[in-house]
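Student: Chains as they are written, first to last, in our numbering: chain A, 950 to 1293; chain B, 705 to 1112; chain C, 15 to 350.
Take the hints with a grain of salt, since some may be wrong.
Dumping the calculated BS3-like pairs for lysine-lysine here, alpha-carbon to alpha-carbon at most 30 angstroms [unchecked claim]:
id, chain 1, residue 1, chain 2, residue 2
1, B, Lys-736, A, Lys-1188
2, A, Lys-1072, C, Lys-129
3, B, Lys-826, A, Lys-1188
4, C, Lys-29, A, Lys-970
5, C, Lys-155, A, Lys-1241
6, B, Lys-736, A, Lys-1251
7, A, Lys-1251, B, Lys-1019
8, A, Lys-1072, C, Lys-155
9, A, Lys-1188, B, Lys-846
10, C, Lys-156, A, Lys-1012
11, B, Lys-959, B, Lys-846
12, B, Lys-832, A, Lys-1241
13, A, Lys-1184, B, Lys-836
14, C, Lys-80, A, Lys-1072
15, A, Lys-1251, B, Lys-851
16, C, Lys-155, A, Lys-970
17, A, Lys-1241, B, Lys-851
18, C, Lys-345, A, Lys-1251
19, A, Lys-1188, B, Lys-1019
20, C, Lys-345, A, Lys-1160
21, A, Lys-1004, C, Lys-345
22, B, Lys-836, A, Lys-1276
23, B, Lys-833, B, Lys-736
24, B, Lys-736, A, Lys-1241
Hints listed in this document are in silico derivations from the structure and should not be mistaken for laboratory results.
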Amino acid sequence: MTREISFADAVNEAISETMRKDDDVILLGEDVAGGADVDHLQNDEAWGGVMGVTKGLIQEFGKNRVLDTPIAEAGYVGAAVSAAATGMRPIAELMFNDFIGSCLDEVMNQGAKLRYMFGGHAKIPLVIRTMHGAGFRAAAQHSQSLYGLFTAIPGVKVIVPSNPRDAKGLLISAIEDDDMVVFFEDKTLYNVKADVPEGYYTIPIGQADIKRKGDDLTIVAIGKQVQIALMAAEKLEQKGIQAEVVDPRSLSPLDEDTILKSVQKTNHLIIVDEANPRCNAATDISALVADKGFDFLDAPIKMVTGPHSPVPFSPSLEDVYLPSPEKILAVVAEMIDDESIVAI
Amino acid sequence: MAEKVVMPKFGMSMQEGTIAEWLKKENDVVEKGEPLVTISSEKITNELEAPSSGVLKIEAVEDETIQVGHTLAYIGEEGENLQAGLSSYSSPSKQEKSVQKQEDSAVMTKTTPAAIEKKRVKISPAAKKLAKTNDIDFTELKGTGPKGRITKQDVQDYLGWDAFTEKRAEKRDAEKETINQAIPVKGMRKVIADRMQHSLQESAQLTLMKKADITELLEIQKQAKQDLQAGRSSFTLTLTAFIARATVKALLKHKAVNSAYLDGVIHTYNDIHLGMATSLDEGLVVPVVFHAEKQGVFELAESIHLLSQKARAQKLSNDQLKGSTFTITNLGASGIEFFTPILNSPEAGILGVGAYQQSLVLADDEVEERSVLPLSLTFDHRTLDGAPASSFLKDIVFYLEHPYQMLL
Amino acid sequence: MRASQVQQESLTSEKAKWMYQKMVEIRQFEDQVHETFSTGVIPGFVHLYAGEEAVAVGVCAHLDDKDFITSTHRGHGHCIAKGCDLKGMMAEIYGKSTGLCKGKGGSMHIADVSKGMLGANGIVGGGFPLATGAGLTAKLKKNGAVAVCFFGDGANNHGTFHEGINQAAIWNLPVIFVAENNGYGEATPFEYASSCKSIADRATSYSIPGETVDGKDTIAVYEAAQRAVERARNGEGPSLIECKTYRNYGHFEGDAQTYKTSEERDEHLTALDAIIRFREHLVANELSTEEELHGIDEQVQEAVRDAVEFAEKSPLPEADQLTTDVYVNYKSGEEE
Chain A
950 MTREISFADA VNEAISETMR KDDDVILLGE DVAGGADVDH LQNDEAWGGV MGVTKGLIQE
1010 FGKNRVLDTP IAEAGYVGAA VSAAATGMRP IAELMFNDFI GSCLDEVMNQ GAKLRYMFGG
1070 HAKIPLVIRT MHGAGFRAAA QHSQSLYGLF TAIPGVKVIV PSNPRDAKGL LISAIEDDDM
1130 VVFFEDKTLY NVKADVPEGY YTIPIGQADI KRKGDDLTIV AIGKQVQIAL MAAEKLEQKG
1190 IQAEVVDPRS LSPLDEDTIL KSVQKTNHLI IVDEANPRCN AATDISALVA DKGFDFLDAP
1250 IKMVTGPHSP VPFSPSLEDV YLPSPEKILA VVAEMIDDES IVAI
Chain B
705 MAEKVVMPKF GMSMQEGTIA EWLKKENDVV EKGEPLVTIS SEKITNELEA PSSGVLKIEA
765 VEDETIQVGH TLAYIGEEGE NLQAGLSSYS SPSKQEKSVQ KQEDSAVMTK TTPAAIEKKR
825 VKISPAAKKL AKTNDIDFTE LKGTGPKGRI TKQDVQDYLG WDAFTEKRAE KRDAEKETIN
885 QAIPVKGMRK VIADRMQHSL QESAQLTLMK KADITELLEI QKQAKQDLQA GRSSFTLTLT
945 AFIARATVKA LLKHKAVNSA YLDGVIHTYN DIHLGMATSL DEGLVVPVVF HAEKQGVFEL
1005 AESIHLLSQK ARAQKLSNDQ LKGSTFTITN LGASGIEFFT PILNSPEAGI LGVGAYQQSL
1065 VLADDEVEER SVLPLSLTFD HRTLDGAPAS SFLKDIVFYL EHPYQMLL
Chain C
15 MRASQVQQES LTSEKAKWMY QKMVEIRQFE DQVHETFSTG VIPGFVHLYA GEEAVAVGVC
75 AHLDDKDFIT STHRGHGHCI AKGCDLKGMM AEIYGKSTGL CKGKGGSMHI ADVSKGMLGA
135 NGIVGGGFPL ATGAGLTAKL KKNGAVAVCF FGDGANNHGT FHEGINQAAI WNLPVIFVAE
195 NNGYGEATPF EYASSCKSIA DRATSYSIPG ETVDGKDTIA VYEAAQRAVE RARNGEGPSL
255 IECKTYRNYG HFEGDAQTYK TSEERDEHLT ALDAIIRFRE HLVANELSTE EELHGIDEQV
315 QEAVRDAVEF AEKSPLPEAD QLTTDVYVNY KSGEEE
């Protein structure tokens, strides 16, 4: 049975359903309950996260399992790493991925490396949920998409879901997973509604999903940009160009086969990633195809990304910062030398 | 501004062309696209159209042979000092120089064909791979992609593939299925197919067969081989080299066989350029040993060895693949004895060499074991008759059976 | 400081001899590594614990395998006190496949989670959040376990000191923060780098008990730790103990230790030496005899010799081990 629910509710369901199933699953982060220990606060008045994503969990699971933390990311993310190493299955919410600057050591030097440094004699079943993405008028320190940073770190798995259904199934998989997973939630997707199955289900980590089939052009898009790519693909269809939209869903591990097979079929590749253009998921996938799929290519690999600048505040600037269907069409036009595509 | 008219390149191997006829005169006013001059090259005669409109100033006279890229004429405005006008905008001498340079490098690629690869051709990786797997020289293709890039589609168009074939092939690749393939007749295969059919249709072919006793020749070859091993050689003195030498000797005696029937005229050649049919995985090629009449058996062995090496490395230039006057083809390695070779048109003769056998021969009332080589000579009955052809074949047999005669 | 009569009684002869053995193991192990390192056999760099034995042993005497400790660069002593195998440790320091971490961690990351040893740590201040997390697990699982965070005086100025202790305090976690104040963070004196008279003073900020003890007095450490561990097991929350101690060697092997004075070194290596003092205490209080202790000395000598032999004879890791143990599983592209 499916019903239409929002991305935020899908995330909430994934957490509550795993917490019901496994007592070791706990949630900790800044205001994940919201207003903890405020006497006059009725439980349903608690925030449940700044965006209300974890609303209601404190009522059901109590404050031993839904822990508000001090605004001290190194402290609680580090504690979550160790709680995972010592027998819990924590979900730590890093409110905005931009705050990784305050706790990168705990993720990069502790969580990602303990298992290896200990010769495999430890596991870190930890999920770090974190918000990312531009388009929220949240400016430079609350709008980045830093999944590329984490993808570069061995010992971390990285998931970037593009829709509510994937978000729920992948988050459940992430919580069940015995490795550290950083799970990215685009803040501008929280209110997007779609059909989501009821109940407990998983989607395997490391398996890309072809969101739209096509023979002429492969568009690999990350997170919310999958929606943008699908819009561009619809426009391209008017020109008889069938674009295949591939959603990697997980950047580490990356489903290389699905991407390469698609490019082998279409001979054309565009990667859409709103992150900054250097050393990001787009360049990584581009390098993959240049390396392992060189002979498949009939045109240079093109990337549609944000510019090499921080995310701006002013709406007029932020709108230009982000990829758009029009930007994708312009790249297709250049790729196949057909200016008429821009005008669709 | 004046525009230069240069010797065009009609086809891959053309290096120079001859002015057959000027269709316009000096100082004529010509329109862009009008036929200007007739150019003849080795094989074909072509008309060259005026590249722009204006007044013609001719630089090369009729019957003059001009290198590709060199100036034939200028087209400018009336009263314009064409040379001056030209030099004022783009130093023609410099242009000419760069053309010359290009030409030089083109000539160079003839001797070192590997350099062709280095020539920058804008082609996508997918198109390049498709071209290579289908034996297409992509430097010949015209790109329709952005900035003239050769795309996969361009190669497919050249191959005549439709979208359906393509998708099926892609799917097959992706799924790694093994299925029977219908191979489109393209590239070398097509050239061979056309040539063979043309040859049979256009000439009157007749094949004569005769055995040569090469027992002594084989003894000499064996002896020579051993001597050579200690010496200079990176090649062996093959039976083929002796057969080539015998053929050359016979051709020198029977000039009429070293000939071609072209447009109702029999051309007889003094020089002997020996075509050596060579079978490759990709098909049949016939590299040419030029001036075989000037080569002894050692030189022939070396020439043939080098050509066959190049053929297998696919490093033969076009010039090495044409211009033969007589051809030898050998199916000995396949164990075939007699067969009916098809003429390498327009040549008048082709010698087919079979596999030699040990045979019991009655000689001087005694049965001896001899080595016997089957030979098949196909000749063009339009050019010569059975008697001279037989005589020619008998002479080849004579030389093979009297090897010392070959050394003379 | 609290009275310690109760604790005095609890130190049995058996426990005392165990502690003596662990202290001698640490000393001899480190002296051996010091000697071997100078021959170039050991890769990388090592930070030796010799001189600080009373702290690790005095604290770990109250712990068992279900309790967790976090450690520092200078972690060999914590490992030994927490029960890690000497052979596995030595092989790890040699980078051998038989090491506790299969040669992938080395001196700075020796760990044995099965013994509750969460690893030596290459990051100064790395232990505070980790100990807090282990304490959180203990609290939520209600298994009576405690977590101990050993940290140096250098780490007491790190931001994680504040985040970790504050968090342990607000959640009332069973964590004991044990400062090993050996006077120098690398080469920089404690007094220069820390704006406080003692690290224990800082406990006041978190409303948790903090006390300073002579870290070379094994009994003093033992008693302070006993109070803190009992408090933690009773659900009364974290404590901070500052142990004033001294490292016999430099920050790392090869350190010329120009910042030390020869007087302080001589004093610490003789009159103030923890093992000499503990040995005297045991004999004087009839917890053991010279003969028994001498027997332990010889027994340890043999164990350390065996550890070296084991490490020397062990094979290096094969190249195919390079990318294993990064993840529990790392698959992609499977069919749904």
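Student: Against each hint, give a clear statement of whether it holds in the structure.
Tutor: Against the structure, the hints come out as follows:
1. A threshold of 30 angstroms between alpha carbons decides the hint, and for Lys-736 (chain B) with Lys-1188 (chain A) the separation of about 37 angstroms lies outside it, so the pair is violated.
2. Between Lys-1072 (chain A) and Lys-129 (chain C) the alpha-carbon distance is near 15 angstroms, which keeps this suggested pair within the 30 angstroms criterion.
3. The suggested pairing of Lys-826 (chain B) with Lys-1188 (chain A) holds, with an alpha-carbon distance near 26 angstroms, which does not exceed 30 angstroms.
4. The suggested pairing of Lys-29 (chain C) with Lys-970 (chain A) is violated, with an alpha-carbon distance near 43 angstroms, which exceeds 30 angstroms.
5. Taking the CA atoms of Lys-155 (chain C) and Lys-1241 (chain A), the gap is about 48 angstroms. The hint is violated against a cut of 30 angstroms.
6. A threshold of 30 angstroms between alpha carbons decides the hint, and for Lys-736 (chain B) with Lys-1251 (chain A) the separation of about 41 angstroms lies outside it, so the pair is violated.
7. With a CA separation close to 37 angstroms, the supplied pair Lys-1251 (chain A) and Lys-1019 (chain B) exceeds the 30 angstroms bound.
8. A distance of roughly 18 angstroms separates the Cα atoms of Lys-1072 (chain A) and Lys-155 (chain C); the hinted pair therefore holds under the 30 angstroms criterion.
9. A distance of roughly 25 angstroms separates the Cα atoms of Lys-1188 (chain A) and Lys-846 (chain B); the hinted pair therefore holds under the 30 angstroms criterion.
10. Simply put, Lys-156 (chain C) and Lys-1012 (chain A) have alpha-carbon atoms about 15 angstroms apart, close enough for the 30 angstroms limit, and the pair holds.
11. In summary, the hint linking Lys-959 (chain B) to Lys-846 (chain B) is not supported, as the alpha carbons are separated by about 45 angstroms, beyond the 30 angstroms threshold.
12. For the hint pairing Lys-832 (chain B) with Lys-1241 (chain A), the CA-to-CA distance comes to about 16 angstroms; that is within 30 angstroms, so the pair holds.
13. As the CA atoms of Lys-1184 (chain A) and Lys-836 (chain B) are separated by approximately 35 angstroms, the hinted pair breaks the 30 angstroms bound.
14. Proximity of Lys-80 (chain C) to Lys-1072 (chain A) is assessed by CA-CA distance (about 17 angstroms); at most 30 angstroms being required, the pair is judged to hold.
15. Taken as a hint, the Lys-1251 (chain A) and Lys-851 (chain B) pair is honoured in the structure, with Cα atoms around 16 angstroms apart against an allowance of 30 angstroms.
16. Between the alpha carbons of Lys-155 (chain C) and Lys-970 (chain A) the distance comes to roughly 16 angstroms, so the proposed pair stays at or under 30 angstroms and holds.
17. For the given pair, Lys-1241 (chain A) sits about 26 angstroms from Lys-851 (chain B) by alpha-carbon distance, which is consistent with the 30 angstroms threshold.
18. Between Lys-345 (chain C) and Lys-1251 (chain A) the alpha-carbon distance is near 27 angstroms, which keeps this suggested pair within the 30 angstroms criterion.
19. Between Lys-1188 (chain A) and Lys-1019 (chain B) the alpha-carbon distance is near 45 angstroms, which puts this suggested pair outside the 30 angstroms criterion.
20. Restraint check for Lys-345 (chain C) and Lys-1160 (chain A): the C-alpha separation of about 21 angstroms stays at or below 30 angstroms, so the hint holds.
21. Only pairs whose Cα atoms come within 30 angstroms are accepted, and Lys-1004 (chain A) paired with Lys-345 (chain C) is rejected, the gap being roughly 33 angstroms.
22. This hinted pair does not check out: Lys-836 (chain B) and Lys-1276 (chain A) have alpha carbons roughly 35 angstroms apart, beyond 30 angstroms.
23. Straight-line distance between C-alpha atoms of Lys-833 (chain B) and Lys-736 (chain B) comes to about 39 angstroms, which puts the hinted pair past the 30 angstroms bound.
24. Straight-line distance between C-alpha atoms of Lys-736 (chain B) and Lys-1241 (chain A) comes to about 50 angstroms, which puts the hinted pair past the 30 angstroms bound.
Hints 1, 4, 5, 6, 7, 11, 13, 19, 21, 22, 23, 24 from the list above are not met by this structure, while the remaining hints are.
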